[in-house]
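**Student:** Once you know that position 223 of the sequence shown is 204 in my numbering, the rest is easy, because the numbers rise by one and skip nothing.
Since the hints were derived computationally from the structure, they do not count as laboratory data.
As the structure is a prediction and not an experimental result, all values here were calculated from the model.
Don't take each hint at face value.
Dumping the calculated DSBU-like pairs for lysine-lysine here, alpha-carbon to alpha-carbon at most 35 Å [to be verified]: (1) K21 <-> K104; (2) K173 <-> K265; (3) K78 <-> K104; (4) K104 <-> K25; (5) K141 <-> K173.
Ranges of calculated distance between the beta carbons of each label pair, as one might list FRET restraints [said to hold, decoys possible]: (6) K173 <-> K104: 15 to 25 Å; (7) D262 <-> L154: 52 to 62 Å; (8) D(-6) <-> E103: 28 to 38 Å; (9) D(-6) <-> K91: 31 to 41 Å; (10) R277 <-> K104: 35 to 45 Å; (11) T35 <-> K173: 29 to 39 Å; (12) N241 <-> L2: 47 to 57 Å.
Yeah, the Cβ is synthetic: ideal placement off N, Cα and C, and Gly gets one too.
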Amino acid sequence: MESLIHVFPAYVDDFVGKLALKKPQVTCLIADTFFVWPSKIPNKYNLVNVSFWTEPALVLTIHYHLDLLNINGHYGRHDNREDAIDYIPGVGSIEPKDLRSYLQAPTTVKELEPKTISALQEKQPFHPIASTFLLNGFQKATAANSLWSYSDCIQWLQTKPHGSVLYVSFGSLAFCSREDLAEVAHGLLLSKVSFIWVLRPGILDSDDTDFLPVGFEEEMKDRGFVVPWCCQISVISHPTVGGFLTDCGWNSILETIWFNVPMLCYPPFTDQITNRKLVVDDWKIGLNLCDRKPIRRDESQKISTV
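Construct all of the structure, not just a fragment, from the sequences and the given hints.
**Tutor:** In structure tokens form, the structure reads like this:
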């Protein structure tokens, strides 16, 4: 992450500068709104700056109305109010605990967030683009698009009954503690459910590489399949997958909705906390694994429910 902030900008600046001298000329730069530095590059080369918001419209409108949160005492104070927030245009009542852990075209679908999107469009024109993405359907990537090599899970999935497998992945950014991963491992064993668990390199918040419980691999035997990375769309679109234990990343949510897979939600940070509210409270297509509390193995019964 530090490299993206301190090193990567210079490479992008140099690359865009070279493109600006070529024919046909580049006319705009599309960059993630999360980073501030890309907005300076289009000004330097007289390009249009397109700010690409990669999270749901709900999170965008909360950002956009921080002034209301501040005025009403829900943000920016040592003693922030803890009652429900019910005054943001286009947003139903939302609890402060459902705000992201820190606070412009979003990837969303108008049918998923109609009131929020309509309210946003009254303040500033923008166009939700995920609907086009979904209408065209998902296709397998023909080129590598990950930092880690894929593991082929499909052959293993084909040996399992329809809807019997839980897919477990905490995304490409979040870190987990050794204790949390151990509780997840014990919970998976207690659930007696078949599972694919993505444990990417570097997921642990320490240098410890031996964090799975003693005997875990032997006990899971043919019921579990642990991989460093996989093609997520190929997995959740497979008919044997009946649930997804997810960190509630927005892209994962959109993909999971498309393939009609119920979700078990464990959001660690950023917009994922607010995304959980959409999945569990608003759309009712998923369950909380634990409500902002340390994860515990005895939550395993929720796996069977999903």
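**Student:** Take the C-beta atom of D262 and the C-beta atom of L154, compute their distance, and say whether it sits inside 52 to 62 Å.
**Tutor:** The hinted range 52 to 62 Å is violated for D262 and L154, with Cβ atoms some 24 Å apart.
**Student:** For K78 and K104, compute the direct alpha-carbon distance and say whether it is at most 35 Å.
**Tutor:** Holds - the C-alpha atoms of K104 and K78 are around 26 Å apart, at most 35 Å.
**Student:** Has the hinted range 15 to 25 Å been met by the Cβ atoms of K173 and K104?
**Tutor:** Once the Cβ atoms are compared, 50 Å apart, the range 15 to 25 Å for K104 and K173 is violated.
**Student:** Given the hinted pair K173 and K265, is their Cα-Cα distance within 35 Å?
**Tutor:** Roughly 25 Å separates the two Cα atoms, so the pair holds.
**Student:** When you take the CB atoms of T35 and K173, is the distance between them in 29 to 39 Å?
**Tutor:** 37 Å, holds
**Student:** If you check the beta carbons of D(-6) and E103, does the distance land in 28 to 38 Å?
**Tutor:** Given about 36 Å between the Cβ atoms, the range holds.
**Student:** Given the hinted pair K104 and K25, is their alpha-carbon gap at most 35 Å?
**Tutor:** 28 Å, holds
**Student:** Does 35 to 45 Å hold as the CB distance between R277 and K104, or does it fail?
**Tutor:** 42 Å, holds
**Student:** Return holds or violated for the Cβ distance of D(-6) and K91 against the range 31 to 41 Å.
**Tutor:** About 35 Å separates the Cβ atoms of D(-6) and K91, which means 31 to 41 Å holds.
**Student:** With the threshold set at 35 Å, check whether the alpha-carbon distance from K21 to K104 stays at or below it.
**Tutor:** Roughly 24 Å between the alpha carbons, so the hint for K21 and K104 holds.
**Student:** Would the hint linking K141 and K173 be met if the CA-CA limit is 35 Å?
**Tutor:** With Cα atoms ~14 Å apart, K141 and K173 stay inside 35 Å; holds.
**Student:** Honestly, do N241 and L2 meet the 47 to 57 Å range at C-beta?
**Tutor:** Holds, at about 48 Å.
The structure is inconsistent with the numbered hints 6 and 7, although it conforms to all the rest.
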